[in-house]
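**Q** Letter by letter, the chains look like this.
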Amino acid sequence: MRYPSRSRLSTHDPNLKENMSEKNDTESKDIQWPLWEVFTQPRDGKPHEHAGSLHAPDAEMALENARDVYARRKEAVNIWVVPSDQIVASKGEDAGPFFDPADDKPYRHPQFYSVPRASKRRS
Amino acid sequence: MDEESKKEKFQERIDNGETIEPKDWMPERYRKQLIRMMSQHAHSEVVGMLPEGNWITRAPSLRRKMILLSKVQDEAGHGLYLYSATETLGASRQEVIDQLLEGKAKYSSIFNYPTLSWADVAVIGWLVDGAAIINQTMLARSSYGPYSRAMVRICKEESFHKKQGYEMVATMADGTPEQQEMIQDAVDRWWWPTLMMFGPHDDDSPNSAELIKWGVKSKTNDELRQSFVDRHVSEAHEVGLEIPDEDLEYNEETGHWEFGEIDWDEFWNVVKGNGPMNKERMKSRREAHENGKWVREAAEEYARKKRLAKEKAS
Chain A
1 MRYPSRSRLS THDPNLKENM SEKNDTESKD IQWPLWEVFT QPRDGKPHEH AGSLHAPDAE
61 MALENARDVY ARRKEAVNIW VVPSDQIVAS KGEDAGPFFD PADDKPYRHP QFYSVPRASK
121 RRS
Chain B
1 MDEESKKEKF QERIDNGETI EPKDWMPERY RKQLIRMMSQ HAHSEVVGML PEGNWITRAP
61 SLRRKMILLS KVQDEAGHGL YLYSATETLG ASRQEVIDQL LEGKAKYSSI FNYPTLSWAD
121 VAVIGWLVDG AAIINQTMLA RSSYGPYSRA MVRICKEESF HKKQGYEMVA TMADGTPEQQ
181 EMIQDAVDRW WWPTLMMFGP HDDDSPNSAE LIKWGVKSKT NDELRQSFVD RHVSEAHEVG
241 LEIPDEDLEY NEETGHWEFG EIDWDEFWNV VKGNGPMNKE RMKSRREAHE NGKWVREAAE
301 EYARKKRLAK EKAS
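For the record, the sequence lines run as chains A and B.
Taking the numbering used here, the leading residue of the first sequence gets 1, the next gets one more, and so forth.
Taking the numbering used here, the leading residue of the second sequence gets 1, the next gets one more, and so forth.
Keeping only pairs whose Cα atoms sit at most 27 Å apart, straight-line, the calculated DSS-like set for lysine-lysine is:
#1 B:Lys104 with B:Lys293
#2 A:Lys74 with B:Lys65
#3 B:Lys7 with A:Lys91
#4 A:Lys91 with B:Lys213
#5 A:Lys74 with B:Lys163
#6 B:Lys104 with B:Lys32
#7 B:Lys32 with A:Lys91
#8 B:Lys156 with A:Lys74
#9 B:Lys272 with B:Lys104
#10 B:Lys219 with B:Lys156
Just so you know, these hints were derived from the structure itself, not from any lab.
Can you build the whole structure from these sequences, using the hints too?
**A** Structure, rendered in structure tokens:
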């Protein structure tokens, strides 16, 4: 099962697109740079966490921009930048069926088991 | 599932306090309202750099200059968090930015007032950022995940903005007679426009009910305005400043400060583009965009050359 990253295009509704681009296309001289997702590691030993996204012409500048945008106050000791279109995500609306293999396996948790209580050790 | 039952299910999720994420199904109007609101919010952060940026070169000390530079840089950052969050709804960054540059998009009217003296920088930090915190603390609980997360990040930074402003207000209010006069004058000019930041009365605010139903907002304009007044009146009195409102009176029963009527003609006039600085702000924003062109071109060229060098090497 593969899902496109944020399905940006598929979430576009045609009316919206029309509204958003009422302008004359020839006027616009700018093209946006590729979009990158930014993940920051807050402290040594902690996992990276999604911080947001940004546009940058290449990976090196994406990293520098990510530092200036998402870590102006030492919010990170390490940053990952990932081209947004390279991220594959599961679909929120399919969360039920997608994760249901875990639904009926309570024996994967310690609470499932009853064991005799060990007598307190005297010290 | 048909459209109606999808809408019902969506409302159920909202009522259960669930967070809506970019790929989840959402009513088109929810998407559009959020794009409108979030892009206006992003534009406000960006245009908000102008009135204060005006004073960076004339800051009274190196300490104040560093603080102001850092605050203005934060506002740019806030604009970027919000543009990036708006994009998750399918709005293109380019189109959203073009709407601002072409003068089609709105931004907070507060930035269409001039910053006449250094005291204005102090009062903006205290009142304008103080008002923003009240609004944004509510939006940090918004039903749309990316918006709410951007707000959490922004709120943390805004508290520095407000505090540095209030520190300066307190310093000037405790200063020479000239400084006291300057700071009181700034409060007199900014108080009412700041109250207008919360928008029209609830009865005249067509979007409010819908935004509350969808969990985007959880308080009305008037409720937010009241908490702003309660908090800032006591902060003003704490440092011996007057609030320019003859009708201001404390109501012992409700525990709230009652205040006079806002000049709504002025509010709508500024919203419609006739404020003292509307044209100037748009001109400066366009110039800034135009002046940054060579930087964007240089960045692109640098990326291209690096790519070429890498290809050659391999």
